[in-house]
Amino acid sequence: MIQLQQVHRIFEVGDQKVHALDDVSLDIKRGEYIALMGPSGSGKSTLLNIVGLLDRPTSGKYVLDGQNVTALSDQSQAEMRRDKIGFVFQFFHLVPRLNASENIALPMVLAGVPVAERKARVSRILDAVGLTDRAHHRPDQLSGGQRQRVAIARATVMEPAAILADEPTGNLDSASGKDVLDILEALNDNNITLIVVTHDLDIAKRARRRLHMVDGCIDSDTTTGERK
Amino acid sequence: MSTIDILGFALKSLRGYALRTGLMLLAMAIGVAAVVVLTSLGEGARRFVVAEFASLGTHLLIVLPGRSETTGGPPLLLGETPRDLTIDDAVALNRSRAVRRIAPITVGSARVSYRRRDRESIIIGSTREFLDVRHLTMGQGRFLPEADPRRASPVCVLGAKIRQELFGGDKALGQWVRLGDRRFRVIGVLASEGRTIGIDVEEIVVVPVASALALFDTASLFRILVEARTREAIPRAQKDIVDIVRSRHDGEDDITVITQDAVLSTFDNVLRALTLTVAGIAAISLAVAGILIMNVMLVAVSQRTSEIGLLKALGASGRRILVLFVTEAGALSLIGAVLGLVIGKIGGWIVGRLYPALSVSTPWWAIVAALAVALGTGLLFSMLPARRAARLDPVQALSRR
Numbered sequence: 001m002i003q004l005q006q007v008h009r010i011f012e013v014g015d016q017k018v019h020a021l022d023d024v025s026l027d028i029k030r031g032e033y034i035a036l037m038g039p040s041g042s043g044k045s046t047l048l049n050i051v052g053l054l055d056r057p058t059s060g061k062y063v064l065d066g067q068n069v070t071a072l073s074d075q076s077q078a079e080m081r082r083d084k085i086g087f088v089f090q091f092f093h094l095v096p097r098l099n100a101s102e103n104i105a106l107p108m109v110l111a112g113v114p115v116a117e118r119k120a121r122v123s124r125i126l127d128a129v130g131l132t133d134r135a136h137h138r139p140d141q142l143s144g145g146q147r148q149r150v151a152i153a154r155a156t157v158m159e160p161a162a163i164l165a166d167e168p169t170g171n172l173d174s175a176s177g178k179d180v181l182d183i184l185e186a187l188n189d190n191n192i193t194l195i196v197v198t199h200d201l202d203i204a205k206r207a208r209r210r211l212h213m214v215d216g217c218i219d220s221d222t223t224t225g226e227r228k
Numbered sequence: 001m002s003t004i005d006i007l008g009f010a011l012k013s014l015r016g017y018a019l020r021t022g023l024m025l026l027a028m029a030i031g032v033a034a035v036v037v038l039t040s041l042g043e044g045a046r047r048f049v050v051a052e053f054a055s056l057g058t059h060l061l062i063v064l065p066g067r068s069e070t071t072g073g074p075p076l077l078l079g080e081t082p083r084d085l086t087i088d089d090a091v092a093l094n095r096s097r098a099v100r101r102i103a104p105i106t107v108g109s110a111r112v113s114y115r116r117r118d119r120e121s122i123i124i125g126s127t128r129e130f131l132d133v134r135h136l137t138m139g140q141g142r143f144l145p146e147a148d149p150r151r152a153s154p155v156c157v158l159g160a161k162i163r164q165e166l167f168g169g170d171k172a173l174g175q176w177v178r179l180g181d182r183r184f185r186v187i188g189v190l191a192s193e194g195r196t197i198g199i200d201v202e203e204i205v206v207v208p209v210a211s212a213l214a215l216f217d218t219a220s221l222f223r224i225l226v227e228a229r230t231r232e233a234i235p236r237a238q239k240d241i242v243d244i245v246r247s248r249h250d251g252e253d254d255i256t257v258i259t260q261d262a263v264l265s266t267f268d269n270v271l272r273a274l275t276l277t278v279a280g281i282a283a284i285s286l287a288v289a290g291i292l293i294m295n296v297m298l299v300a301v302s303q304r305t306s307e308i309g310l311l312k313a314l315g316a317s318g319r320r321i322l323v324l325f326v327t328e329a330g331a332l333s334l335i336g337a338v339l340g341l342v343i344g345k346i347g348g349w350i351v352g353r354l355y356p357a358l359s360v361s362t363p364w365w366a367i368v369a370a371l372a373v374a375l376g377t378g379l380l381f382s383m384l385p386a387r388r389a390a391r392l393d394p395v396q397a398l399s400r401r
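If you're matching them up, the sequences are chains A and B in order. If you're matching positions, the first sequence starts at 1 in my numbering and goes up one per residue. If you're matching positions, the second sequence starts at 1 in my numbering and goes up one per residue.
If you are wondering where the hints come from, they were derived from the structure by calculation, not from laboratory data. The C-beta atom is built at its ideal place from N, Cα and C for all residues, glycine as well. A portion of the hints provided could be inaccurate.
To be verified - Facing chain A, a subset of chain B residues (Cβ under 7 Å, in silico):
{"no.": "1", "residue": "Leu-19"}
{"no.": "2", "residue": "Ser-220"}
{"no.": "3", "residue": "Ala-313"}
{"no.": "4", "residue": "Leu-314"}
{"no.": "5", "residue": "Gly-318"}
{"no.": "6", "residue": "Gly-347"}
Bound-form chain B, shown alone (with noise of 0.2 Å):
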């Protein structure tokens, strides 16, 4: 009996119980089904903040005052006085020649004004780099221009959503706000961007980091940014950060080190932990019709007792009954697994409509380990089904009409 035939007789025995043969596929395929989206999901969610992430640099490292054990959190300040991290400190760092740039920060809030407009902002005091280290985009003029970090000028460049509530439809290049007691010439307007982990990049000024330190009569930086040349390289740059500002701080470690790097992987390990953790309670439904199908085949057995016996009259050995069942059921659960897959697909294809920040995607191992399951599942549970038909006796089988 050739390949060809057995599918056939297999496909046709499938089509002549069809109410049967849908219901079963119904099983499968939500099983499937159930698996691609979910994944699909998990995986979705895993790339987003994949992507946030990258966005901020994979190369990055932040830089501290205080030191603190926990990794990510806001420096702790109990009891002990931090060193103040300067701007100097941050020029010292340049020395590492695992460091591509850093960029100083430091933060404060300040009410900025127009003539007669004013609004509260957040203000960034920064260097040229930072627009290169936060991968941010100008819209129009220039950022902060290449200068000694130490020394203040009064310029600055708005974000993009400040400057249409100060400016509206007027020219903001020029012109000169007023930032707290100070006033700076607008050099730069920047893109409006997406939301970033972090600052919204939308609502910020941002001026050179000495001129932010005199605004706020303060010597001490919020952190510092600094970008590792390679990915490789960032070991060797937290080593060089750690010991250089040990040397300019009388031997004291007394700051932290965060490696985006490191945040980045716990995020990617606890969503990809998720992702199979779904998946997995997906595949359980995908048992679950494994189970339908053994007891679809007995019943099929049992129903078709005397169509076993003639084909074993007709010189069926046994052998030959246990494959056309077991091919069956392989067949079920492989048009099945495909049908799930295109719900799946669809499913997964309406969800990325509804939220596009999820940039839904299936993993090829889903899709993959989906319909091995599903095939597994119907080839072993019906092993049992197939070896009863097959050790029908043909006497007795035949006996019954």
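Just chain A, with the same shape it has in the complex (with noise of 0.2 Å):
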């Protein structure tokens, strides 16, 4: 489903070139679940923006769905992200003044879903993530792990093939951080691929297949056949 061929990002940096990805080819099949580790600066984040669309190689070739994404218009990837891919974020990136269910709408109001369908989608997710209760909560009225409930229902309701998380539980304590990842990999086994940036290993032990970074290449790729 996700196919990287050859994949540089170069960024310049005053004078200096840095190299944040150097020839990366990478192959994910749908519903796999993998975390992606690695030091900082190894490059993740930016393997996990382009994967995300919201970052273009510098040269390559990226095939999502059969479709090679590199070449497409800025209005064509905007469209490709909001029908295919959710995020999940270290920091939650709620917009402060709309409340928890106006939230979680905000994707299917940039794609003209109606609004009938639109209160229906919001409700039922609510309920799945087990927060009907605080449907009409502003984030600053919402405990951490709350808000990235809020956000990981957001990234879903468009029920997109790869759900991408930066760091989900860097911010949360172990509690919550373990509630964010029972419904991520919930959403995992209805077959939504599932990438988590971590520097948690316990957390990536938790993953089939876990990569790891070095200096923008990739230096490990290992899978075990269960989840632990």
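Dock the two chains into a complex; use the hints.
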């Protein structure tokens, strides 16, 4: 489903060129559960951004669902992001002036989903993440774990093919971190591809496939049969 | 994303920053209100002047003895002795078919007395037509009778204030008053009117023109008021008047003809220009409001950087972000403008209450222009911030918390 072929990403910082991704090739199938690890600056966030169509490779090819997306226009890339990919961020990135329901509905608002269907989907998904009673709370009235659950609900409301989570538990205590992972893994059980960037080895161990990056290259790619 | 959703999103973000939105609305509202109030005042002043002139009769021509190049001024007597403008001259003007009616006028001042009360008053000698030409109305009795203007008769019509001062509560009609050394019978009293440009009609005494000439011992009229048949007939009437008088005055052009219309249109133009100038100055405040909007939107873009990054991650294209921000600015300026219209209308109403003579009215073009300029500056000045937002790199935008 996700294919990267000889992808390079070079940033220019002043006069220097930084090779954030150096000839990365990667093949991810639908429904995989991947932990992306590596030290700071190893390029794992850059990889995630390119997979999520937030960033474009300097060279190389990216095929998503059989479609070469490297050459697509800004508009079409935005549509791909909207329909196929859900993002979960370390710092939640909820819109502070919107309540939980409105935050969750935001991707559907952008996609032009009719109001009645929006409401139905929001209430279904609030129920799934256990936040029905928090529907009209604004983010500053929610705990960290609740906020991240709202963010996950928002990421899944468009029924994406893949969820990209950048340190989803990095800002949470361990109990709510575990809740969040449970929800993400439940989604993965429904055949949604899940890619989690993490520093935490315990979290990485839960994934079936682990990618380890150093200096813009994938230096190890291990797959274990069962999720632990 | 539907239009309603775009509007809803814009309004929600405006509500999210209530203080900033309030201040912006205030700036926009003040600008629009200034335009509305100032143009209303200018327009009110213009209408006031035009109405004053119209009350004198818009088809009016004024014939003055003496030749002068400056229109509107008193006849210049620079060494040249103008021929008298006589009653016969006035009567002769009736020959022109462009002329509906004429009213010869002579003016002087004399002592008016009834029993032991007396006062100085302006005496106007004229004919029956004076009533119609000057659009006067009668309070009691009747005006001067239809008669040959060359015939003197001892009747007079009093202004309302003169009647009050001479007779108090007594009956004036039919009484004899003394004007100078002659006696006149009161046959009518003018209705009391508001102010009009020129003479205060409440303080005049009107007598037949021949009587007035005899009273002041002169043969020369002060002027002749001529009413043309239609507005279009004014130039022909003017030419006819000049021709007729020239033929009677041995081929000499020794009169001046002023058209009411020319004076009126001059005033009209001057006041319109004044209104436009004032409106232009007020419009500057709208431009300032536009720049304020730009400033606020720039702040909004940098404050909401991570939100913009998020919207992009959720599938908003650069164009969509642009539309969202421009809509926000557009909504801001439109609401501000409508608010300003309301404030301006209220302000105009208050001024109207304070100075009732000034018929304050906002010309429709001022409302349209104020709204258009407000919306235009809002949209124009939001383009730069909105484009900046649209071009934000989502990765960097999201990395800011």
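Results of checking the hints against the structure:
Among the interface hints, the one on B:Leu-19 is violated; its C-beta lies about 13 Å from the nearest C-beta in chain A, farther than the 7 Å criterion. The interface hint given for B:Ser-220 is violated, since its Cβ lies 85 Å from the closest Cβ of chain A, which is over the 7 Å cut-off. A cut of 7 Å between beta carbons decides the hint on B:Ala-313: the least distance to chain A is about 5 Å, and the hint holds. Here the hint on B:Leu-314 is kept, as its CB sits about 5 Å from the closest CB of chain A, short of 7 Å.
A cut of 7 Å between beta carbons decides the hint on B:Gly-318: the least distance to chain A is about 5 Å, and the hint holds. With its C-beta approaching chain A no nearer than about 34 Å, B:Gly-347 sits outside the 7 Å limit, and its interface hint is violated.
The structure is inconsistent with the numbered hints 1, 2, 6, although it conforms to all the rest.
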